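Protein chains in written order, with our numbering: chain A, 1 to 80; chain B, 1 to 80; chain C, 1 to 139; chain D, 1 to 139.
If you're looking for bench data, these hints aren't it; they were derived computationally from the structure.
Please read all numbers here as calculations on a predicted model, not as lab measurements.
Beta carbons are placed, not taken as given, at the ideal position from N, Cα and C, and that holds for glycine.
Any given hint could turn out to be false.
Said to hold, decoys possible - One-sided excerpt, in silico: chain B residues whose CB lies under 7 Å from chain C:
#, residue
1, F8
2, G9
3, I10
4, A53
5, P75
6, V77
Spelled out from the first residue to the last, the chains are:
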Amino acid sequence: MEINILAFGIAKDIFGVSSISVEVSEQGNIATLKALLEERYPKLKQLASYMVAVNNEYAEDKLIITERDEVAIIPPVSGG
Amino acid sequence: MEINILAFGIAKDIFGVSSISVEVSEQGNIATLKALLEERYPKLKQLASYMVAVNNEYAEDKLIITERDEVAIIPPVSGG
Amino acid sequence: MQTQIEIHAEPLNIQQCIDWVMSPDSGGIDVFIGTVRNATKGKTVLKLEFEAYNKMAISEINKITKQAFKQWPVQKVLVHHRTGTLQVGEIPVIIAVSAAHRDAAFEACRYIIDTLKQTVPIWKKEFFEDGEVWVAAHP
Amino acid sequence: MQTQIEIHAEPLNIQQCIDWVMSPDSGGIDVFIGTVRNATKGKTVLKLEFEAYNKMAISEINKITKQAFKQWPVQKVLVHHRTGTLQVGEIPVIIAVSAAHRDAAFEACRYIIDTLKQTVPIWKKEFFEDGEVWVAAHP
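Next comes chain A alone, as it looks inside the complex (with noise of 0.2 Å):
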């Protein structure tokens, strides 16, 4: 399934785009997509931590993803 991905902050500068679509195999979770993702994009791996939010709400890596979902990279945070 084509799940649609939002980045933020340097999230978006490695991407090169504020959203991608990327191929995710069904029943794939976080972990798969970060997988997939960080073959894709190796700067990812340097960041200092990064998450995955799912429908506006922090994911964990065992969460199962669905075509319906609304997917964001989050990088480290520093707003205030």
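Could you slot chains B, C and D onto chain A? The hints should help.
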């Protein structure tokens, strides 16, 4: 010697005026003054506490008062 | 290291106070604003009256702000206290502290209001429907 | 128990924020104001850019303010965060908390800014004379 004493807050209510004059013996100290005042105004003893300030500084009981000093009764403060 | 201390009967101006402590080398400002509450220990408060021994109060606040500069890396410290009659919702005190980092601003601001309430010769009278009382005067 | 949360690109208005948290049953207000500092680790900062994942940021701030209401007896809580380009001296964030007693206002305000900096999806890019960097992105 004649000492002029400023009163604030409830001390002003107890004295009935914002400043009074009391006769203190030469070499009289803060303890002497407090004893005199408490005799004349027994309600001072009912306060939670009170301090005497001399020249805008909190004064200890043993401080000797002179005629040139600015003396004030400082009942429990409650600013802020 | 700059300090502004004022005690007067005019309404306090929040924006002016904050503008004064702001500076290009500060990263955070903590501001404490006291307001007249409509009740104390369940009793309706009608108004408050504040009285200050002005000269000594300024001198005592000055001691407190000096100590704050000693204890924390703060940049500008402002203390404004109002006297006279205040209605519910009005502002008796504003304390504003700027610092490069927020820790210092929060801690110094807290220290200043806490110590002000303990040592500065200012007195507050609460007016209720059935009488009035000097706060903290009696045990 | 009222909350006002806003994230937008317009300049933040201190007086409006404070007016909103004031109430006749509050006795104290603590306000934290973040300001853009002219230097970081000794390097001159020219400007900052803030970007937010708005929907999620609002939701995360909402979690923080709910927790503040659980932990402290506070009355009104306001969090405004600005996005876009900010010059030195401008204000990226205002947090204001009113409470009957100052302890709760100070502690909740401190908790909110500390937690906001850890969990809310907002990002800051610093612009120097010789380049730019996303704050905290790299180890």
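Against the structure shown, which of the earlier numbered hints fail to hold, in ascending order? none
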